[in-house]
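A.B. asks: Residue strings, one per chain:
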Amino acid sequence: MKLSLNSQSNLFRAVLSILAGFIIVGVLLKMSGYSPLQCYQALAEGATGIRSGKPINLSDRGFYIGSWQGNFSPYTFAQTLATITPLLFCGLAIALGLRAGLFNIGALGQMTLGAMTAAFVGAIGANGSLKPVAGSLPHWAHVPLTLLAGAVAGGLWGALAGYLKAKRGVHEVLSTIMLNYIAINLANYLAMHNLKDPNPSNMAAQTGLIAKSAWLTPIVAQSSLTVGLLLAVAAAVGVAFLLWRTALGYEIRAVGLGAEAARTAGIPVSKILIKTMAMSGALAGVAGALEVMGIHHRFVQGTAGDYGFDGIAVALLGGSHPFGIVLSASFFGALGNGANFMQIQTDVPKTIAVVVQAIIVLLVGLRFRRAESKKPLVLAEEGWKDG
Amino acid sequence: MGNGWLMALVTSTLFNATPLALAAMGGVLSERAGVVNIALEGFILLGAFVGFYFGLHSVFMGVLAVVVAGALFGLLHAFFTQKARMNPVVSGLGLNLLIAGATRYLALRLFPQGDHIAGLSPNLFLSLAAVLPFLLVFTLQQTKFGLRLRAVGENPESARMAGISPILPRYMAVMLSGICASIAGAYLSMADAHTFTSDMSAGKGYVALAAVIFGKWNPLGAAGGALFFGFFYALQTQLQINQYHLNWLGVEWTSPFLLDCLPYVMTLLALVSVIGRATPPAALSQEE
Chain A
1 MKLSLNSQSN LFRAVLSILA GFIIVGVLLK MSGYSPLQCY QALAEGATGI
51 RSGKPINLSD RGFYIGSWQG NFSPYTFAQT LATITPLLFC GLAIALGLRA
101 GLFNIGALGQ MTLGAMTAAF VGAIGANGSL KPVAGSLPHW AHVPLTLLAG
151 AVAGGLWGAL AGYLKAKRGV HEVLSTIMLN YIAINLANYL AMHNLKDPNP
201 SNMAAQTGLI AKSAWLTPIV AQSSLTVGLL LAVAAAVGVA FLLWRTALGY
251 EIRAVGLGAE AARTAGIPVS KILIKTMAMS GALAGVAGAL EVMGIHHRFV
301 QGTAGDYGFD GIAVALLGGS HPFGIVLSAS FFGALGNGAN FMQIQTDVPK
351 TIAVVVQAII VLLVGLRFRR AESKKPLVLA EEGWKDG
Chain B
388 MGNGWLMALV TSTLFNATPL ALAAMGGVLS ERAGVVNIAL EGFILLGAFV
438 GFYFGLHSVF MGVLAVVVAG ALFGLLHAFF TQKARMNPVV SGLGLNLLIA
488 GATRYLALRL FPQGDHIAGL SPNLFLSLAA VLPFLLVFTL QQTKFGLRLR
538 AVGENPESAR MAGISPILPR YMAVMLSGIC ASIAGAYLSM ADAHTFTSDM
588 SAGKGYVALA AVIFGKWNPL GAAGGALFFG FFYALQTQLQ INQYHLNWLG
638 VEWTSPFLLD CLPYVMTLLA LVSVIGRATP PAALSQEE
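Respectively, the protein sequence lines represent chains A and B.
Residue 387 is where the first sequence ends in the numbering used here, and the numbering goes up by one at each step.
Residue 675 is where the second sequence ends in the numbering used here, and the numbering goes up by one at each step.
Next up, chain A with everything else stripped away, as it sits in the complex (with noise of 0.2 Å):
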């Protein structure tokens, strides 16, 4: 299960796979009675938040929050740049499963995880209490140590996987889903239980609000942006030091280029399966804190989104390459920023951008198969050209 990872790759190939997704999708919308081009407009707009003229609808609900900087709405992008943060740590969490030749499908679970632990921790000074109160900790203590809590409960979850992989032989894409499924329903479970948010008017899933010690605020007012983006931003770079720059890195990519051989060579490859996975567990963990720490300031039902599947594309999209993966979880921000206020500017369902992403996922994965088996040497060298 070898996947091509040159990173100079052919950018244009992405780009062309991205072009036929959005002519196959305009096509999809011309049929159902949109017009494509209309369509496009607003979901360039929702993602640059530049607007173009004069509206196209009258209603501009959503983009109108906050203020206008001439035609342009800082709120706007803001959204775009605080949608790519989870999708950058879904990607990097993928792509270093693949990197060891594992597909982490488990992304979702392990950012639900990761964001009920952030939501418990996060509660330490905080409890029972029905308004937002300062909490007993200091910022600088509080808001680590919460994103610790995430990182770590995705890190056992993803860890378990690997596990289950490494020492039972169960394969990782059938593990990580019944996984996805048990996390989310104990999620639920503790914020209907547990951690019930103790407002006597909820009657949802979600646990009480976090101590203020431990939000994160926004960048740009009322906005999702936090400085989360940044770290993201540093988890790429790590994670290509990781993979080029140490040892541990270097095993985790001859573990991917072919189990058997990394053997004979003396790695101990359960090791390093176990140990990717609870790395790329604790990336996804981090990502259901950040957005507990910075949106929600709780656990709610379903704040893990969809991003551990988008995670997917972002990482095969991005060639497995950290910075790569910057690109393309800046792609895929701006597809689903972009596609919220398309929904809202000419009721074409958001969801359209899913079926982009299908196409995209599958343009690009003939692609890589291909330059694969045409020179499978350069492949196998490819490692150490690019340290």
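Source of the hints: derived by calculation from the structure; they are not laboratory data.
Incorrect hints may appear among the rest.
Said to hold, decoys possible - Okay, the calculated bits of chain A under chain B, using three or more residues with CB under 8 Å as the criterion:
no., region
1, 70-79
2, 180-191
3, 308-317
These numbers were taken from a predicted model, which means no experiment stands behind them.
Heads up, the beta-carbon is just placed ideally off N, CA and C, and yes, glycines get one too.
Start from chain A and add chain B according to the hints.
C.D. replies: Using the frame of chain A, we list chain B on its own:
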């Protein structure tokens, strides 16, 4: 909790196992031919959607559409993995994503109110699910097609030497696999829920795949696996319907959230306990 409860549990087990068994037969076909097929999940959703949508016009149209759509998407998976040499997991995930996104979009466009259909009798699907495993055993063991299918799954190189191209049996197997899984989906929308809701496959394709592994890639074993997992789906539903309460050690064990976990936990446990003692078709684990 008298006999009625037990009867309900048994019946419910059979009907919960029905879609799992149908999809698992698809899994057996595809995997015995050496093609990993996690697209079962998407094919189920696809069958549920087209069965419902065309079933709104007539039941016959619905069934026809289910078979055609399943075959087409099966062929697509075969094309991606065989001709385009795409990683089967990537192809499967991509198809699942495509079908999930497209059906969600189309459902919102075509029937935003959520219509209902009369559909088909669940017994029809149950009978099919009961007969199909035996039919498949016969096909795999006794027919030329079955022999070739197993040959390309176990050792594509030797098959090639013997003059059997792996292409045709694999295309056939994956196409039939698509049909089986989409019939499983048709059961969900046409015979069980009588409506379509997005993501109604809810992981059943993956559980079916687990049933295949549980049944050691054998049709009857896979059907047994489907019954096993079906039992836990049934138990979960029955406990919820009966509003049975169990609070032990401060945990609300009968909370719907925890009961929902049950089939997935059991699937995981089953996989942990069976693997190592089950040998997959050789070409599956081959790093092509």
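A.B. asks: Of the numbered hints stated earlier in the document, which are not met by this structure?
C.D. replies: Hint 1 contradicted; others consistent.
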